[in-house]
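Trainee: Construct the entire structure; sequences and hints are all you get.
Here's the letter readout for the chains.
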Amino acid sequence: MSRRAPKGEYIETDTGNKVARKAILVGTQNITLGGKTVIQPEVMIRGDLSRSSASSGGSGSGNNTAISIGRYCFFSRGCCLRPPGRFYKGHFTHLPLRMGDHVFVGQNSVVQAATIGSHVHIGEGVVIGEMATIKDYTRILDGTVVPPYMTIPSFSIVAGRPARVIGEVPEGGHEAFELRELYKTVGNNVQPAPA
Amino acid sequence: MAPLSPYTYIQCPCSDAPSQARPSETPTRDIAADQDDDDRTFDPRAPRSNYSLYPLEYLLYCEDCHQIRCPRCVAEEIVTYYCPSCLFEVPSSNLKSEGNRCTRSCFQCPVCIGPLQVTSLETPPDPNLLAADNTSSGPSGPYILACAYCHWSSIEIGIKFDKPNGIYSQLQKLRNGGQTRLTAKERKDRRKEAMSTGSFASTHPSNPGSDDVLDVESQFENLRTFYSHQLSESTSAAPGLSMSDLGISSPSSLARLMNYYNVGSLDPSKKGLGNSRGRARLGTFREALDTEEGLQLAQLDESASISAFKASTLSDLTTTSQRLSQAESHLSNLVSPALHGSSRLTSTLRPIPVLLRTKRSKRCPVCRHIISKPEPKVASTRFRIRLVAGSYIPAVSIRPLRVPGVTPPPPPDGLLRPLVPAQYLLTFTNPLFEPVKVTLATPSTTPGRFASKVTVLCPQFEIDANTDVWDEALKSGSSETSRRRDEGSKAGGVAEVGKIWERGRNWVSIVVEVVPALIKTEGGEELKEDEDVLEIPMFIRIEWEADATGAEVGAAPGTGKEVREKRELAYWSALGIGRIGSLGQLG
Chain A
1 MSRRAPKGEY IETDTGNKVA RKAILVGTQN ITLGGKTVIQ PEVMIRGDLS RSSASSGGSG
61 SGNNTAISIG RYCFFSRGCC LRPPGRFYKG HFTHLPLRMG DHVFVGQNSV VQAATIGSHV
121 HIGEGVVIGE MATIKDYTRI LDGTVVPPYM TIPSFSIVAG RPARVIGEVP EGGHEAFELR
181 ELYKTVGNNV QPAPA
Chain B
1 MAPLSPYTYI QCPCSDAPSQ ARPSETPTRD IAADQDDDDR TFDPRAPRSN YSLYPLEYLL
61 YCEDCHQIRC PRCVAEEIVT YYCPSCLFEV PSSNLKSEGN RCTRSCFQCP VCIGPLQVTS
121 LETPPDPNLL AADNTSSGPS GPYILACAYC HWSSIEIGIK FDKPNGIYSQ LQKLRNGGQT
181 RLTAKERKDR RKEAMSTGSF ASTHPSNPGS DDVLDVESQF ENLRTFYSHQ LSESTSAAPG
241 LSMSDLGISS PSSLARLMNY YNVGSLDPSK KGLGNSRGRA RLGTFREALD TEEGLQLAQL
301 DESASISAFK ASTLSDLTTT SQRLSQAESH LSNLVSPALH GSSRLTSTLR PIPVLLRTKR
361 SKRCPVCRHI ISKPEPKVAS TRFRIRLVAG SYIPAVSIRP LRVPGVTPPP PPDGLLRPLV
421 PAQYLLTFTN PLFEPVKVTL ATPSTTPGRF ASKVTVLCPQ FEIDANTDVW DEALKSGSSE
481 TSRRRDEGSK AGGVAEVGKI WERGRNWVSI VVEVVPALIK TEGGEELKED EDVLEIPMFI
541 RIEWEADATG AEVGAAPGTG KEVREKRELA YWSALGIGRI GSLGQLG
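Protein sequences, first through last, are from chains A and B.
Once you know that position 13 of the first sequence is 13 in the UniProt record's numbering, the rest is easy, because the numbers rise by one and skip nothing.
Once you know that position 170 of the second sequence is 170 in the UniProt record's numbering, the rest is easy, because the numbers rise by one and skip nothing.
Treat each hint with caution, since some may be false.
Stated by the list, open to error - Coverage of chain A stretches by chain B, computed from C-beta distances (three or more under 8 Å per stretch; other residues unrestricted):
1) 146-160
2) 163-173
Stated by the list, open to error - Using 30 Å as the maximum straight-line C-alpha spacing, the simulated DSS-like pairs for lysine-lysine come out as follows:
3) Lys566(B) to Lys437(B)
4) Lys499(B) to Lys566(B)
5) Lys173(B) to Lys96(B)
6) Lys160(B) to Lys89(A)
7) Lys163(B) to Lys89(A)
8) Lys499(B) to Lys453(B)
Hints are computed from structural coordinates only; laboratory data are not their basis.
Since the structure is predicted, the reported quantities are computational estimates derived from the model, not experimental observations.
Glycine included, C-beta positions come from ideal geometry on N, C-alpha and C.
Mentor: Written out as structure tokens, the structure is:
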């Protein structure tokens, strides 16, 4: 299998996170992983873009999470997670990026959303604009550009530039968002998939 | 040509017209037709098939009819209306009065359909100078709607708002350019004022042209009040018809209205009658004469718009899709004057209020039982009832069979080689908690102009129940041996006829051999769309034993022992294997 990597490509944590050694994590103290999350090589997560503490003067030192990620998320090669930034009371500041469980981010996608729910599939080469809100059970097709501040309701299939809701996730399609099986296929010593 | 990833579509039985709903006709059909019906194989290429084939996820299952239901045959009922942008629920009573758009502050960009943000126009104050007294007060007006995607803003159409909320109602009172738009009441008040000050001449019915131009909505409102007034007046004048409370929408009033128009009818046979009836009421019913009564003279002079076009560049003109989205939202406050329902210049575009979305429950079309019902709350993603076909019928996945050393390496373009046998692995996964017996049938050649040969090596097999994963794990030691015995033909590395390839906890893989047809067109004839796709029609029949449903149990109470009943489900499916390459392409 091509996904099978030489030994030691991933760092596996106690909570089951699999983080590639070649992933670029900046400001790790501001990144929270819920567990069983896979971060593939060349993924960039910008934890350094946390709420600027200069404006609030020390009050931000307590909780300064820039990116919080739930369980069973999967970040494909080359994608980038970046907390959104905006002007607030005259200052430019970054706001946290919150992500639920079972979120898949495809290759080379850039995510700058404020909130992403659970069971969200983001395709390849997608751009999610700043402060966007994506609700649960949403599928964003390859190459979509989600404009800043857009809200995408649950059970939407989204595509286009700018993004528009093009369909609804059918009732029988909920299980397809589960990433438990995908989680098992990466890591340092994975079981080969049933042939 | 792009390679095709294999797919499985399932035919919903609702497209089989005779099998559903009309049992009375069945006996009248002659035996030959019946015979014909049995022999008939499903053709996935038939034009009608497009409307009956669905991926498994889209199908529902009715537990009472024991039948597959597709999005086309279920009956939908709306549970909740909500705005997809602000996620607020809209009560259905509001929907009647306000229409199907969000009436808060949710708008789409008229240029690119991206979402619009309410933005303060005031530049953020310098924090170094005003930090002390500015921390409490937020940004203040005026406000605009701005698109973060294409950088369109409502300044381009000359609209600014005083408040950051309730944009919809504010926008209704504003015309492009910033002038206020009068509501009907305000217009009436103003007219009264004008009359009292003596400037009566300008509003006199004799010169309606001098009146101000109304937008479509106010014109309609004026016309309606005028005619309902006329109607009530004429009814009260006629002694026989005292039902003055009849609205204009009642069909009998409409008939009467039409009667008035027939007064001056050219039909000579009715002339005598019409005249005698008409004379009595001639004075009582008349047409709208001025703007207040809804008369609007057509603006035939288009020189103004022509000169506007001359002065504009291509980017100032609207595209068809922009005009369509304006018309779709049939904005009552669109443009004034109405440009025959279309906005031709971008300066006439209006922000589009966001269309509401719904949560819907689904009913079986035959027994009317609910088969899918979401929680009514907007934020909830749960379902109260969700009977999906995926938990009743086996899922089929298709994979090319590659045995190292036996199968030649796959062609790099992912296309099938014509006339070269290829083997594919079909994996059936059983979602039921009972073992199922599966019987497959395919025509020996695929329908259509290019017939490929199809052989299912093992058309009959049994799949084990979808037991608990933990059960399996706990007794893995003992089951290991039984499974190995059943391992199938995989061990040998060569697919054997009548043997399954491999089996697992609740799945079975079998081998299908195809000989793709040679795609050859004669005399420069074009290939039809997707005619080179190898698609196999497959009839799948599953049998299993299940606990009898509630009705049967109730019929035999106190028997104590478990009642089992045999279930059977059969349906057609279309398996897409891949695209067939041409001989030349492959060298």
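Trainee: If a hint holds in the structure, say so; if it does not, say that too.
Mentor: Outcome of the hint check:
no., hint, result
1, 146-160, "holds (count 10)"
2, 163-173, "holds (count 6)"
3, Lys566(B) to Lys437(B), "holds, 11 Å"
4, Lys499(B) to Lys566(B), "holds, 25 Å"
5, Lys173(B) to Lys96(B), "holds, 21 Å"
6, Lys160(B) to Lys89(A), "holds, 22 Å"
7, Lys163(B) to Lys89(A), "holds, 18 Å"
8, Lys499(B) to Lys453(B), "holds, 20 Å"
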